[in-house]
Amino acid sequence: MARRQRVTLLGGMFFGILWGGAQAVMPAILGLAIDRGVADKDTSQLVLWTGVMLGVGLVQAVSGIMRHRFAVTNWLTAAYRTVQLVTRQTVRLGGTLPRKVSTGEVVAIGTNDLSYIGGLMDISARFTGSVVSFFLVAVLLLRTSVTLGLVVLIGVPLLVLAIGPLLKPLQARSADQRHLMGALANTASDIVGGLRVLRGVGGEQVFLDRYRRESQAARSAGVRVARIQSVLDALQVLLPGVFVVLVVWLGARTAVSGRISAGELVAFYGYAAFLLLPLRTATEFGNKLIRAHVAARRVCLLLDLDPDVVDPAAPRPAPPAGSVLADARSGFRAEPGRMVAIVSDQPDDSAALADRLGLGAATVDDDVTLGGVPLTAMALGEVRRRIVVSDTSSMLFSGPLAAGLDVGGRGGVEAAMHTASAEDVLDGLPDGLDTVVAERGRTFSGGQRQRLVLARALTTDPEVLVLVEPTSAVDAHTEARIASRLRDHRAGRTTVVTTASPLLLDAVDEVALLVDGRVVATGTHAELLETDPVYRAVVTRDVSEVAS
Amino acid sequence: MSTGQRLPVADPAAVRRYARDIARRHPRMLWSALALHVLAACAGLAAPRLLGGLVQAVEDGTTVSHVDRVAVLLAGFLLLQTVLTRYARYLSQALGEQVLAELREDFVANALALPVGTVESAGSGDLLTRTSRDVDQLGWSVRYALPEWTIAVVTAVLTFAAAVSVGWWVFLPCLLALPPLVTGLRWYLRRARPGYERESASYSQITTTLAETVEGARTVESLGLGADRVARGDADCKASYDAERYTLRLRTVFFPSMEIAYLLPVVGTLLFGGWLYTRGQVSLAEVTAATLYVQMLIDPVDRLISILDELQVGAASLARLLGVAEVPDDRSVTGAVPVDEKIDAEDVRFSYIEGRDVLHGVDLDVGVGERIAMVGPSGAGKSTLGRLLAGIHPPRTGRVTVGDVGLVELPLDDLRGHVALVTQEHHVFVGTLRDNVVLARPGSSDEAIRSALDAVDAWEWVSALPEGLDTVVGSGGRALTPAQAQQVALARLVLADPHTLVLDEATSLIDPRAARHLERSLAAVLEGRTVIAIAHRLFSAHDADRVAVVEDGVISELGSHDDLVAAGGSYAALWESWHGSTTVVE
Chain R
1 MARRQRVTLL GGMFFGILWG GAQAVMPAIL GLAIDRGVAD KDTSQLVLWT GVMLGVGLVQ
61 AVSGIMRHRF AVTNWLTAAY RTVQLVTRQT VRLGGTLPRK VSTGEVVAIG TNDLSYIGGL
121 MDISARFTGS VVSFFLVAVL LLRTSVTLGL VVLIGVPLLV LAIGPLLKPL QARSADQRHL
181 MGALANTASD IVGGLRVLRG VGGEQVFLDR YRRESQAARS AGVRVARIQS VLDALQVLLP
241 GVFVVLVVWL GARTAVSGRI SAGELVAFYG YAAFLLLPLR TATEFGNKLI RAHVAARRVC
301 LLLDLDPDVV DPAAPRPAPP AGSVLADARS GFRAEPGRMV AIVSDQPDDS AALADRLGLG
361 AATVDDDVTL GGVPLTAMAL GEVRRRIVVS DTSSMLFSGP LAAGLDVGGR GGVEAAMHTA
421 SAEDVLDGLP DGLDTVVAER GRTFSGGQRQ RLVLARALTT DPEVLVLVEP TSAVDAHTEA
481 RIASRLRDHR AGRTTVVTTA SPLLLDAVDE VALLVDGRVV ATGTHAELLE TDPVYRAVVT
541 RDVSEVAS
Chain U
549 MSTGQRLPVA DPAAVRRYAR DIARRHPRML WSALALHVLA ACAGLAAPRL LGGLVQAVED
609 GTTVSHVDRV AVLLAGFLLL QTVLTRYARY LSQALGEQVL AELREDFVAN ALALPVGTVE
669 SAGSGDLLTR TSRDVDQLGW SVRYALPEWT IAVVTAVLTF AAAVSVGWWV FLPCLLALPP
729 LVTGLRWYLR RARPGYERES ASYSQITTTL AETVEGARTV ESLGLGADRV ARGDADCKAS
789 YDAERYTLRL RTVFFPSMEI AYLLPVVGTL LFGGWLYTRG QVSLAEVTAA TLYVQMLIDP
849 VDRLISILDE LQVGAASLAR LLGVAEVPDD RSVTGAVPVD EKIDAEDVRF SYIEGRDVLH
909 GVDLDVGVGE RIAMVGPSGA GKSTLGRLLA GIHPPRTGRV TVGDVGLVEL PLDDLRGHVA
969 LVTQEHHVFV GTLRDNVVLA RPGSSDEAIR SALDAVDAWE WVSALPEGLD TVVGSGGRAL
1029 TPAQAQQVAL ARLVLADPHT LVLDEATSLI DPRAARHLER SLAAVLEGRT VIAIAHRLFS
1089 AHDADRVAVV EDGVISELGS HDDLVAAGGS YAALWESWHG STTVVE
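For the protein sequence lines, the chains are R and U, in the order given.
Sequential numbering from 1 applies to the first sequence in the working numbering.
Sequential numbering from 549 applies to the second sequence in the working numbering.
No lab work stands behind these hints, which were simulated from the structure alone.
Keep in mind that a hint or two might mislead.
[Claimed, not checked] Chain R side only, calculated, beta carbon under 8 Å to chain U, not exhaustive:
#1 V86
#2 A185
#3 R196
Ideal placement from N, C-alpha and C gives every residue a C-beta, glycine not left out.
So here's chain R without its partners, still in its complex pose (with noise of 0.2 Å):
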């Protein structure tokens, strides 16, 4: 990634170092004009160097500017890319993703890891500006005198070392703080998240106990990590102060043998005090390095993953449209067309079955085939255009609610809106199919959201497409009304739909009950009821005790 963006690197880099420069011959500067200009009492002098000074500062001034546009360009560009590979990685591996990797760790890429990436890159400039400015330093120092200027080469790494110790304790005590505000942090939308349900059956006040209780547990993590926090800002005057007071001393003795003047004493102290910041810097540096690499891993192990379906090789000719779709193991066809319901007294096994039917389970067989062809032989992108399977997982993305839904950009919403009952959702809407959906359609109740999901896999319009428990979550009247416009809406196309709710097994040209995996039974609702034990058993206990 470093490599190509080595122009704005490099870029940055270079300003980085004249900043760096800039800033370390300052000290200098005011010691020369407090020699020859102040001391000497020499106008022509002091109005030179002053000039010089302001010059100085200004390309300190335009230089920083220049560094920091570099730095911000660098940050930018690597944290785009993380987010354009990251999101083109997942579309690749679309279902295969949560399988194989937790969710949560990849959208972390896109929250923590970006910001630790792009601050490599955005301080990358600085410290090559710091590393230079010091040694620049350190020459100027060593030719007014070897003493000191050995006195700051060593010392201020020792400084820094110093600081070293201090940090492990306070990284220990702040994590300890962030972790337990962390947890406050969540106890806290946990409550706000939970304040319908509290508001209905009571419990607020045990709520607010307990939130207090830890929310003073972690002030009591915040004052142990002050307590030495406090210690080490104490250590940030300390330490660079007995180095001032060294170089200062160590210098006024020699200024007072005449060895130096007091303009480079004034200039001893600017560099004492200038130093500390490339070496900060150079902590910073190190301290990115390490998280940034550990990012960079992640990443990394994201990309290297693939998905468990691939194209194959060579793929064979799609069968024409209107072809049989057939799954050897369990048995179930469905014939051009049908529209055929998938019951199971197990739900999992309905849900595995549709999960095979459309190529989207975790271990790929041939055993499933449209019209004679194992969809494994079959293009990708052919199977998925032909094979649509909206599950219970299905979500809904933010955005405007009419792209939402026409994902294929084909039309037809509004008679999908229809088909699924959906109207009415519409109508709860200001802004109707204009309004934007919130993040994963949370602002919709669970049913309207199914609904909602049902339309959008309706308006793609496939060849076969598959519903699983597509009205799980919506009430008895809207269920009726959708079993009875479902049919008509598919007509002519292949329709798979799992479920165990008899208003929509009674609407389906064909059931099939599926036991251990197989179907062991087929032919209409009514057929069923009346000749398989097994399959009332299944489908209409609830129905059969309410008769009783």
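Given chain R's structure and the hints, the job is docking chain U onto it.
Structure of chain U alone, referenced to chain R:
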């Protein structure tokens, strides 16, 4: 749904009032911290003075022992500054933690007291953002920005005072900084806030889109949304880039103007001081000290300015947190005591959005111990009526009463003793299963918890868990299935044991067959209690004493199952279609 207004935001006066109030609560810590900071800054100001003297001495010719004495003095002041800084920092950080804890606890207490209607019309998203982002942001401001800013102000003021104390003339070069400083700052601050807000919003958008793509990866694949998601991600990056470009442009103008503002006084002091020195009006020591002081001013002034932004953001967060307390209560406790346990609704009308009633005059007499099922199409007003009957919302007109006292006239805690509501919302709180069940009745015995779980058919799976009731559930803990979560919600209700229960599709996520069994065993436990069940499945209606069909915001049919089926209305039609094949079974 979130079509309504946002939660209020406190006005600046209220924020200032609150800040003063907090300051008044901790006078000792506050003043000691400030005093320590002032002393520490003073100790830090000794160095340039001493150095100036030293330069003068060197110039005039001095002895090594004088240099040693000055060095010892420098070291002494340094030590003093170190110790003072340590305690000043510690005290102010401890104070910050204290204030922060009070703030967030007040906020959560206020959030817990919010009327549910307000939360819903504003969307829980707004409240969640305040809970997470604003509390975080404020934490940052109170912990770092505020103390740093205070220190910067103290240091800047004292340093300036020290500089001027060297000689009044130092004042003049400092004026040079004002024009670029003031114009730059005004120009920048006016634009910075919206610019940075847009920038951070653009990053949340990137995160949101990425999270959706990742979590919906399956959907993306099965619907072929890949290209769209990639385009969306790229568009987010583009938007973010534009926002970044804008703020970068702001900084490109602002940063150099600040640096020039800092540079001018240093150069000016040196030049002016040097000129005065040549005229013999000031000493070399004074020129050196003055220049060093003016240079020392740069750091605190820079910090002061750069933190200004953050403080603004912190104040905005505080305003949002305090705003939650300003929501008016929708309950008016009168102290009236219900005469019996009978629930009544008279001519109830209700609207979420003004002018759009969802209930148009509902009357319902609920007998004590009666079981009423409410059915009807989505959006007809069943849930709204259920919530009014549970006293969650006050009706716009008409009355909902228990024992002739309006439900919203009862204090919340008393209300729950009468009526409780369980909806299909299956929020599982973070904590043990025990915590989740007992929340309405803390301190219940394990025996009582067990029988409550038993009544909702949940004891079997709970006891099968390795840690039983102590299993940690909720976000981050063991995941419960939606059905199990609903069972826990019902067990909560059983344990709370009010005389009237409103169940809004409380078993909708449970497998139909299991739900049927559950409702039976629940009914046995709730014998003698009044139950109003909003039904999703018709067998619940069949079991009820009376069925109320809610259509278009009114009760269109009311009577027993058999009566309604015989009457041949919309309930009969629905029953017929749902139940079409029972004849086969019998």
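Quick check on R/R196 please, does its C-beta sit within 8 Å of some C-beta on chain U?
For R/R196, the interface hint holds, since the closest Cβ of chain U sits about 6 Å away, which is under 8 Å.
Against chain U, is R/A185 within 8 Å by beta-carbon distance?
holds, 6 Å
Answer holds if the nearest beta-carbon of chain U is closer than 8 Å to that of R/V86; otherwise answer violated.
R/V86 check passes; min Cβ-Cβ to chain U is 7 Å, inside 8 Å.
Comparing the model with each earlier hint shows no violations; every hint is respected.
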